[in-house]
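Trainee: Line by line, the protein sequences are chains A and B.
Quick note: to get our numbering, add 638 to the position in the first sequence (first position is 1).
Quick note: to get our numbering, add 476 to the position in the second sequence (first position is 1).
Calculated from the structure, these hints are not laboratory results.
For glycine and all other residues, C-beta sits at the position ideal for the given N, C-alpha and C.
If a hint is listed, it holds; no wrong ones were tucked in.
Derived Cβ-Cβ restraints for the label pairs, each shown as a range:
1. B:Gln711 to A:Ala893: 38 to 48 Å
2. B:Phe715 to A:Glu1038: 49 to 59 Å
3. A:Leu989 to B:Gln857: 26 to 36 Å
4. A:Ser1017 to B:Phe715: 57 to 67 Å
5. B:Pro598 to A:Leu712: 18 to 28 Å
6. A:Leu712 to B:Ala644: 17 to 27 Å
7. B:Gly599 to A:Asp754: 31 to 41 Å
8. A:Leu985 to B:Gln857: 16 to 26 Å
9. A:Cys912 to B:Arg817: 33 to 43 Å
10. B:Arg783 to A:Leu989: 36 to 46 Å
11. A:Arg653 to B:Arg517: 25 to 35 Å
12. A:Cys912 to B:Phe715: 52 to 62 Å
One side only, chain B facing chain A, incomplete, derived with CB under 8 Å:
13. Leu525
14. Leu548
15. Phe552
16. Tyr555
17. Tyr592
18. Val594
19. Gln601
20. Val603
21. Gly671
22. Ser674
23. Ala744
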Amino acid sequence: MFSRLVYESFRHQTRRKLLAGIAITMGVAVATAMIAVATDIGDKINRELRSYGANLVVTPQEDTLDVEVGGINLKPPSDGAFLNEADLPKIRGTFWHNNIVGFSPMLPVTVKVGNDSKDVTLVGTYFNKALSFGKQDFTTGVRITHPWWKVEGSCRDGRRAPPGRIEDFQGGCGWPSDDSQNILVGERLATKLEKKAGDKLEVSGRELTISGILSTGGAEDDQIVAPLALVQQIIGKPGAVRRVYVSALTKPQDALAVRDPKTMSPEVYDRWYCSPYVESIAYQLQEVIPHSHAEQIRQVAQNEGTVLSRIKGLMLLITFAALFASALAVSAAMATAIYERRVEVGLMKALGAGNLAVSAIFFAEALLLAIVGGIAGFSAGALLARQIGRSIFDSQISVEPVLFPIIIAIAVFVTFAGSAAAIRGAVKFDPVFALRGEG
Amino acid sequence: MTMSSMPDQLLTPKQVADRRADAPHTSMFARMLLRAAVLRRRRAASALLAMIVAAAVATAMMNLYVDVQAKLRTEFRNYGANVVIVAKDGRSLPADALASVESVLGARTLAVPFSYAVARTPGGQSVVVVGTDFNRARQLNHWWKVSHWPDAPNQALIGMRAASVVSANRQPFELTFQGKAIRLAPAGMLQTGAGEDSRIYLDQSEFQNWTGVAPSTIEVAVNGTAAEVEDSVRQLARFLPSADVRPVRQIMEGEANVLNKTRATLYASATLIVLTSALCVLATLIGWVFDRRRDFAIMKALGASERLVNGFFAAEAAALGVVGGILGFFIGIGVAAWIGRVNFHAPVVPRFSVFPYVLVGSIIVALLSAILPITMLGRIQPATILRGE
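Given these sequences and hints, build the entire structure.
Mentor: Take a look at the structure:
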């Protein structure tokens, strides 16, 4: 009889159930989407913050001072120590290799350029170099770590580079390939030398082709950037790298992050080592690259933590607001649905149903609605989160399956809470009034 | 709960007519609106609550939407200068350059001069020495990790890596520049992870006395939107024709990226919340129509036209929108201020200019939510309802 009552109520009162069902579905969908976005926003914003550039730099352990003023490197090329280029792919072998977005080696040297033999800094680096470590193949270089570098040059088919993100035009208009003898010239240097893309330029005795004009808004505007291998040839030091910029996704700094790993107990050390702090990633980089010193670039690393925690905090508060609004909507819909059925309650009670039996029927209905609405809402919310991820961040926001039972539990709880007051009102309602039609 | 209107005491029809004779006829409409709200308090309160939540969230969002960007921009200014002024061809900037930068940009900027020279250590090593204004540099470059800022004459701030060369045991040391020597005491260590680590920083006036080199670079942190920064760059370029003025693209683009994404996420969330709240208003209004079906049936039985009943209900919804909008606005301002304090540790300035939008928006949401209940109203048959079915 109990299940028949519930079943018939769903069969005959479709419209009322529909309103409550839609409210639960929408409420749960919004809650799911907001929770998914709020939990993922840290990672997403972290990736956006990578457009500030590398947050770690690896230098040789025993290095002499950099002598650089206004973008001109005054350090003799023979001076100081180097890292070995062959060690670099090992960066992918660190514990947090999935958090390492990319790295770029740098080899700055001073060269004579043009007919009047001006001193200019030539920097060797990777543009978008294909490397492999173990079984992994990956590409890395300044196009990943220095996304604000813009190159103006003709494409191979003569087209101009379209504006937009680097990923949008893999062809790479104007960017030299990493095994070529082509170079990029900074825009201010190009104006001084009166050169444009496609011209030849004499760099310490070699005739090189300018494939594009580089604009960075920084010191590189006065420099020449070339493939690393070419610069190594020019100075006659194969495999030499002055420093490596590493761009990594990190966790905001906290009390544990800044502790000295040497003074930690083994458990604390493990926890520290297995957290993607910028400090622990630096430590791991030093482990894999021999004779190296890895350091955070404080300008980038220190600030991203604050920005990140602010945005995460904001989203958390907004998620609470969304949850509150959803809960309110579900309660209102449930209250309405139950309120409309007071006459029925009167009839049931007149026929001898106790308060408990009446409430049980209503709660069973609410439970059913919550589960059905919860499942529908969860799927809708997952879709919504994906849509938000795709349209705002150009990447997926996936909803963790772990969230499913939690969301359903919340849906049931909120539905019950919303119905409780209305059910109590309905149960207390005098059957006499109900049957006289004074509901 | 049982009857919607019950006279306080029994009056003869004549007395009632006399009492209302001088009152304007329209007051009946207002009276019905008010009585409905007073008698169905719980129902009205829950509809109002939904409305308030929608309006409060919308207000808080609009307040934050503008302010969060301003707040985040302040956070982004911690990344340091976003505009750099460099003298052309390795010369120095004119002596009044710093003053003119400040006069052009006014109070919302922080400008720090830097001058560079390559000095030699007694051991013959080259080291870059920089002259600057420590007070300003300290404000601009929050990320500099400094053990102790120089506070006495002839004290220098020494980069981590430079320290091992010039003053490994933190003893005073000597530097020479074009034959002129200076003796400096290390005040503290500077750690940044970048080029600064290899340099030695001196007070600008001491630096200039020693080397005779005037500032060649001014780093400026301009507060404001991308357009305002561009504008400042143009103004500065006009004012300082002898220098290159350029935005630091690394900083500008990173900032634009993060701001855009945050703004879009905020916007999407606000839309979702307002939609959910509208749903809540809708559910409550449907309940309200149902609850008061007898009132409407009586109105119809007494000869009210369909339009009048609909208009009455729409007026109720609009009134709900107005009250909810006003209350929600103030609560929303409070919420925005709270979020500002908790999350950004700075107050969010209330923006009363968004009030008309919130009010009109609330009324529209209430009216839109009333559409479905109004179609239900049309189906009310006075005869059936009054018969008690």
